[in-house]
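Novice: Input sequences plus hints: build the corresponding full structure.
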Amino acid sequence: MAWTPADIPRRTPLYSRHVALGARIVPFGGWEMPLQYAGIAAEHEAVRTAAGLFDVSHMGELELAGADAPAALQRVTANDAGRLEVGQAQYSALTTREGTVVDDLVIYRLAPDHFLLVVNAANVETDLRWIRDSLAAGGEGKPSDAIVIDTSARYALLALQGPRAEAILQPLTGVELRAVPTFGFATGEVANARATIARTGYTGEDGFELLVAPAAADAVWTSVLGAGEEDGLVPAGLGARDTLRLEAGMRLHGQDMDRTTTLLEAGLGWLVNWEKGPFIGREALAAERDAGSRRRLVGFEMIDRGIARHGCGVYAGDGDGADDAIGCVTSGTLTPHLKKAIGMAYVPAPLAKRDTELLIDVRGTRLRARVVRMPFYRRPR
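592 is the number that my numbering gives to position 250 of the sequence shown; each next residue is one higher, with no gaps.
Simulated from the structure, these hints should not be mistaken for lab results. Be aware that one or more of the hints could be misleading.
[Said to hold, decoys possible] Computed list of lysine to aspartate or glutamate pairs in DMTMM-like fashion (alpha-carbon distance at most 25 angstroms, straight line): (1) Lys682 - Asp646; (2) Lys682 - Asp660; (3) Lys618 - Glu387; (4) Lys618 - Glu440; (5) Lys682 - Glu699; (6) Lys618 - Asp600; (7) Lys484 - Glu625; (8) Lys695 - Asp646.
Specialist: Written out as structure tokens, the structure reads:
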């Protein structure tokens, strides 16, 4: 089979820096990314107690602009982007007409008619095509005059996460970080580089995500790491990012939700704004809301010793129909901070109640697990 340029993994502007730091590099979503440096457990614990610096430049950026951009965004996303002021961000989702999840994303309102959408790395082309097709179909039979383009090549994205994040970053910027609220952002300089500084993240901790030009990424990375050395800041890879987000009960698109699962099944009904008016998927989601979901994504803790991983079969804990799997684990790990084996799984709605006992097939042995409330971890306030 002949190879094409699309078969070659991409590298972020910080690839050489990761190699120099001794990172273990792995393929992820078409990119070569650092999985870990000193180790997943150490990096995870550093983020919970001090801070970690992640390169997440593989994430995609789309920009939506035009006089019709606000209305167009309302039609293609489930949350109410219309309530965003300039300088505010919002977690949202793109859904199909059946209410299933095309992708989850963070929306930044850059100007009244200009939005930045940060999407998952593997979904950039899919999301771009989905939004363009939706704009062409328009609302009320009229195509939208808004335009959407892929601007991923214009950005590198760094995530500084942890309780010491603000103290580490503040000396490097003139932006008053205390004034930036959660899901707010400001534009300024970080280490003499132009940056969008957002109080967002994917770890369950306080922190900031920094959008900078690719050419400035190395200088910003090096400056932030140096500034945080005495505070316990460490470089952190995708392995710790995954265990942190799971501990915080955050879903991963492609594992915990996708086009076969609805927002309500995934436990993200709080994202849906029912009052804002029509959007793609609203009718299906409203019908599911009224009738009740057939299955639900739940959190679980292992009772028996063992770690359930993605793809493990789930069985009823009472032994009824013991030969038939009733669900599937979507994410699972032994959490470095809580020291517990936890995970997420889809189960029939009647089994989604807290303290329900389940059986999970781990390497051919059915181990007991208990449904628990998510998130598994909440940061101290």
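Novice: Each hint: holds or not?
Specialist: Results for each hint:
1. About 11 angstroms separates the Cα atoms of Lys682 and Asp646, which keeps this hinted pair within 25 angstroms; it holds.
2. Restraint check: the Cα-Cα separation between Lys682 and Asp660 comes to about 23 angstroms, which is no more than 25 angstroms; the hinted pair holds.
3. Restraint check for Lys618 and Glu387: not satisfied, since their Cα atoms lie roughly 41 angstroms apart, outside the 25 angstroms limit.
4. Of the supplied pair hints, the one linking Lys618 and Glu440 holds, its CA atoms being roughly 19 angstroms apart against a limit of 25 angstroms.
5. The hinted pair formed by Lys682 and Glu699 meets the criterion: a straight-line CA distance of about 16 angstroms does not exceed 25 angstroms.
6. The hinted pair formed by Lys618 and Asp600 meets the criterion: a straight-line CA distance of about 24 angstroms does not exceed 25 angstroms.
7. A distance of roughly 20 angstroms separates the Cα atoms of Lys484 and Glu625; the hinted pair therefore holds under the 25 angstroms criterion.
8. For the suggested pair Lys695 and Asp646, the alpha carbons sit about 19 angstroms apart, so the restraint of at most 25 angstroms is met.
Violated hint for the displayed structure: number 3, the only one.
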